[in-house]
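Assemble the whole structure, with the sequences as input and the hints as a guide.
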Amino acid sequence: MTLTDCQLLSIVAQLGTFAAAAERMHITPSAVSHAVSGVEAECGFPLFTRTKSGVTLTAAAEKLMPAIQQMLASSESLEQSIAQINGMHKGALRLGVFNSACVTWLPKIVPGFRAAFPGIDVQIYQGSYDDITGWLKTGAVELGFLSNSSAHDLDFEPLYDDRLICIAPPDYKPRRPGVVRAEELRGQPFVSQQSDVDADIQSYFKKNDLHVSSQCYIVDDQSMIAMVACGQGLALMPELMFKEGAASAGCQVLQLEPAAKRSIGLACLSRGALSPAAKEFVKHAREFARMR
Numbered sequence: 001m002t003l004t005d006c007q008l009l010s011i012v013a014q015l016g017t018f019a020a021a022a023e024r025m026h027i028t029p030s031a032v033s034h035a036v037s038g039v040e041a042e043c044g045f046p047l048f049t050r051t052k053s054g055v056t057l058t059a060a061a062e063k064l065m066p067a068i069q070q071m072l073a074s075s076e077s078l079e080q081s082i083a084q085i086n087g088m089h090k091g092a093l094r095l096g097v098f099n100s101a102c103v104t105w106l107p108k109i110v111p112g113f114r115a116a117f118p119g120i121d122v123q124i125y126q127g128s129y130d131d132i133t134g135w136l137k138t139g140a141v142e143l144g145f146l147s148n149s150s151a152h153d154l155d156f157e158p159l160y161d162d163r164l165i166c167i168a169p170p171d172y173k174p175r176r177p178g179v180v181r182a183e184e185l186r187g188q189p190f191v192s193q194q195s196d197v198d199a200d201i202q203s204y205f206k207k208n209d210l211h212v213s214s215q216c217y218i219v220d221d222q223s224m225i226a227m228v229a230c231g232q233g234l235a236l237m238p239e240l241m242f243k244e245g246a247a248s249a250g251c252q253v254l255q256l257e258p259a260a261k262r263s264i265g266l267a268c269l270s271r272g273a274l275s276p277a278a279k280e281f282v283k284h285a286r287e288f289a290r291m292r
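If you count the sequence shown from 1, position 5 lands on 5 in the working numbering, and the numbers rise without skipping.
Treat the hints loosely; a few may be bogus.
[As the list claims (entries may be wrong)] When the alpha-carbon atoms are kept at most 27 Å apart in a straight line, the in silico BS3-like pairs for lysine-lysine are as follows: (1) K173 x K207; (2) K137 x K90; (3) K137 x K261; (4) K63 x K137; (5) K279 x K108; (6) K137 x K279; (7) K108 x K283; (8) K173 x K206; (9) K206 x K261; (10) K283 x K137; (11) K90 x K108; (12) K261 x K108; (13) K283 x K90.
[Said to hold, decoys possible] For each label pair, taking beta carbons as the anchor points, the in silico distance ranges come out as: (14) E257 x N99: 25 to 33 Å; (15) F288 x Q70: 25 to 33 Å; (16) L78 x V179: 48 to 56 Å; (17) G250 x H284: 32 to 40 Å; (18) K206 x H284: 28 to 36 Å; (19) H211 x S270: 38 to 46 Å; (20) A116 x Q255: 35 to 43 Å; (21) R271 x Q123: 16 to 24 Å; (22) S74 x N99: 27 to 35 Å; (23) D153 x D121: 25 to 33 Å.
These are computed hints drawn from the structure, not numbers from a lab. C-beta: ideal position from N, C-alpha, C; glycine also.
Written out as structure tokens, the structure is:
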């Protein structure tokens, strides 16, 4: 299996269709299909399950994928090291990022990084905490912005402590203006985020023995704010993205007692194994966080 074969299999696995992989690689879908079939014949077993909606890795291919991603990462790191010795910075950096960091941090970090290192191709993949940890473990991304609550078994560098806040409808009356205590949340209707995206919020509920009820399960952050603004319930969320957005939507922004926070940082499999491009990005992100 050649390095090109590994690149092809990685892209198909990540994008989920031969057509999308062909567009990324600037070849035809039939060329992708033919190449994949050739690798499958070489391996002696199927690598993808084909359906009308796309392709997924077979169980056998899932066992191969970590080694494939490691080979690609080693090749990329070698090329970057050679370029660095020659006084140049070039290569690719694949970065996973969750929504609020994508909206508030990346627009301020990435342009400066690209200006300093125009030869480095920064590829950004947005997803949930679970998406990013999965991408890191399979090698689909080299670095990922995460909360410490989701960085299990990963090398994590904290960058910023982000407070959790409560947003409430305009007519909600806390016992103390601007503040809501944990016990006041009992019995209140809540607007909740689905899946793993609210891991830090669930941790707060658990620590304070809160069992909240919800009739709204939202994925999109702005939809969550809109549901609170129209009186569907309270919501807890990180301050990083939502304080200004919630206030402009007509919501009250309340501080929590006891206070809580999430630690935002960059995660990877091993800091010692990062490519030169990734190490430079960590430096830029660290400096940005220090200035906040």
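Quiz item: Which hints from the list above does the structure break, by number from lowest to highest?
Solution: none
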